[in-house]
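> Since the structure of chain A is already known, use the hints to place chain B on it.
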Amino acid sequence: MIVDINAFIGKWPYWPVTATSPAEVSAQLAGWRIDRAAVCSTRSVFVNWQDGNCEVEQASRTENRFIPFACLGTLELSHALPRTGYDFEGYAAHGFRGIRLYPQHHSYHPLFNSFTGEILEQAEMRQWPVLIPLRIIMNWGMPMLDLGMIEALVERHPRVIWILAGINYLHELELAVTLLRRNANVHLETSCVMGYHAIAKLVEQCGSEQILFGSGAPVQHGGAGVAKVAKAKISETDRERLLGKNALRLLRLEEK
Amino acid sequence: MVTDGHVHIGKSTRLQINADGEMLVRIADELGIGKICCTDLTALFYDMHEGNRLLFEQMKLFPDRILGWASLHSTRFGREALDELERCRNDYGMRGLKIYSTPDMSIAEPAMIPILEKCVELDFPILGHTTPQECEYLLGYVPECKLIMAHAGGQPFAKGDWNRAIMSAQRFENLYLDTASSTIDCGFLEACVAAIGPERIIFGTDTPLLDPWAQLAKIRETNLPQQDLELILGGNILRLMGVAA
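Chains as they are written, first to last, in my numbering: chain A, 3 to 258; chain B, 125 to 369.
Isolated chain A, as found in the complex (with noise of 0.2 Å):
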C-alpha cells in the first residue's frame, strides 16, 4: 500500500497543471499507484489558509484516498478583525491527521511569535503529525525557509511529531539525518530528494522507520516520485515502511 504524506489539491498559482479537483487530483493519484495521500488545498498556501482547509474537509467527505491535513497560517493581526482561533476541536471532528506549516508563504517568522507555540503544543497533545518544508516543490523561484531555523524549531519542541520536507541538497539532507538520528520524532519525506542513491543512502544513514514518501503531487509528478522509491537500492521490508507503513502508523491508521 502506498500512502502519500504530501499531496494536494487546487490549483497552482505558477502554471497550469492538469488535476485541480479532488476528483481529478484523486484520479491521477490513482493512476501513479498512490492508495492514500495526506493533502492539503493550495488555496491554504496562496490565498486563506482556513478557505483552503474548508476545501480540504469537504474533499475528504467524498474522496476516501484523501487524508485531511490542516494548513494553519497566521491569526489575523490587522485590519481591526475580531480575535478568532484556531479550531483543533472542529478539525478533530472532522477527521483530520496532520498540521502543515508554509512560514515563507504566510509572512511569519516561526520563532518569533505567540501562535506557533500554541499549535504545536495542540498538535503534541494530539499526536498530529507537523510537516514544515523548507521548499513547497523542487524550484528555485520558491521562498524557502532557513535551514537553522526548522533545525531551532525542532530543537525548541522535541515532542512534536515533526515530517521534514522539501529537503534535497547534500548539506540540506546532512542537517536532516542529524535532527532525525537525535531525535526519534523528526522525519522526513521525500517529494524533493532526488540525487542519485540518496534514498537508499538515507536509510543506510537513518533507518528506515523515520523516512516516508512524499510526492508533491500533482504539482509534482507522482510517478516519478513513487519510481526513486520503488527501484531504490532498499529492502523489501525497508520500500515497505517507507512507502506506506510509516505513515500508517504516524497518522495511527489501518491498512485498508
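No lab work stands behind these hints: they were computed from the structure.
No residue lacks a Cβ here, since even glycine has one placed at the ideal position from N, Cα and C.
Mixed in with the good hints, there may be bad ones.
Unchecked claim - Residues from chain A shown here face chain B by an in silico Cβ test under 7 Å; the list is partial:
(1) 19
(2) 20
(3) 56
(4) 140
(5) 141
(6) 142
(7) 143
(8) 145
(9) 196
(10) 198
(11) 220
(12) 223
(13) 226
(14) 229
(15) 233
(16) 235
Below, chain B without anything else, positioned relative to chain A:
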C-alpha cells in the same frame, strides 16, 4: 533504443561524483538504457585536454555504449579550444559539445561565437547548461547552431522556469530542450510537446547526480504517443549526433 543524452563521468568533489564508465554502463543496464552520452567533469570544470582524453579512454572500453560530448571549461581559450573540438571529433570520435554557464561566468558573450561557428562546421550539437536568455543570445548570433538547453530551465540559474524555456524554443527552431532536472513537475513534458513537437526534446537523466528512475518515469508515465516517446527517449539525440539507432 533508449539513449540518455545527459550523463556525467569522472570526478568532482563539489558535485560528490566519482563515476567511471563501468559504473555508468551498469546503471544504464539497470534502467534498460542502450547508449549514454557522457561529459567528463575534469573537462567541464578544470582542463579540457585532460578531461576529454579521460573520456576517450572510457569510450574505448565501451564503444557501443558511451557516446562522447567534448567539453570545454571556458570560452576564453580561443584557438586552443577550437583545436580541441577538432581533436575530439577527429581523434576521439566525439559527437557534440557540452559547456557550462553560470551567471558570474556566462557563455552568453562574444568569446562563445567562434565556438558556436566551429560546432556548426563540425556538425556538433551543443548541450549547454544555459538559461533561456543565454540561449536566445547565442542563437541570435549563430541561429544555425543546434543548441540543447540542458535542464530546459529546470536548474537554479533559470529558476526552474521551464515555461520560459519553451517560449525560447518556440522562437528558435534550432533550440532543443533536455529533460534532465531536479524538477519533476507534472505536465512538463506534455507542455513541451504541445508547444514545439516531440522532435526537439532530448531525454536526459543527469546521472550520477540525479535519480535516473525518477527521470525516466517522468517521461514514460505520460499519455504521449509511443512514436513521440521513441523520439524523446533516444531518436532525437541519435539523429543530432549522427548515430544510427
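> Next step is simple, just say for each hint if it's right about the structure.
Each hint tested on the structure:
1. For residue 19 of chain A, the interface hint holds, the least distance from its beta-carbon to any beta-carbon of chain B being 6 Å, beneath 7 Å.
2. For residue 20 of chain A, the suggested interface contact is upheld, since its CB lies about 5 Å from the closest CB of chain B, less than 7 Å.
3. Using the Cβ-Cβ criterion of 7 Å, the hint placing residue 56 of chain A at the interface with chain B is not satisfied: the shortest such distance is roughly 25 Å.
4. The interface hint given for residue 140 of chain A is met, as the beta carbon of that residue sits about 5 Å from the closest beta carbon of chain B, less than 7 Å.
5. A cut of 7 Å between beta carbons decides the hint on residue 141 of chain A: the least distance to chain B is about 4 Å, and the hint holds.
6. At a threshold of 7 Å, the smallest CB-CB gap from residue 142 of chain A to chain B is about 5 Å, leaving the interface hint in force.
7. Given hint, residue 143 of chain A at the interface with chain B, holds; its Cβ is 4 Å from that chain's nearest Cβ, closer than 7 Å.
8. Given hint, residue 145 of chain A at the interface with chain B, is violated; its Cβ is 12 Å from that chain's nearest Cβ, farther than 7 Å.
9. With a least beta-carbon distance of about 4 Å to chain B, the hint placing residue 196 of chain A at the interface is held under the 7 Å criterion.
10. Because the closest C-beta pair between residue 198 of chain A and chain B is about 4 Å apart, less than 7 Å, the hint holds.
11. Because the beta carbon of residue 220 of chain A sits about 5 Å from the nearest beta carbon in chain B, less than 7 Å, this interface hint is met.
12. Contact between residue 223 of chain A and chain B, as hinted, is supported at the beta carbon level, the nearest pair being about 5 Å apart and thus within 7 Å.
13. This hint holds: residue 226 of chain A has a C-beta 4 Å from the nearest C-beta of chain B, less than the 7 Å allowed.
14. Against a cut-off of 7 Å between C-beta atoms, the interface hint on residue 229 of chain A holds, since the closest Cβ of chain B lies about 4 Å away.
15. Given hint, residue 233 of chain A at the interface with chain B, holds; its Cβ is 4 Å from that chain's nearest Cβ, closer than 7 Å.
16. With a least beta-carbon distance of about 9 Å to chain B, the hint placing residue 235 of chain A at the interface is violated under the 7 Å criterion.
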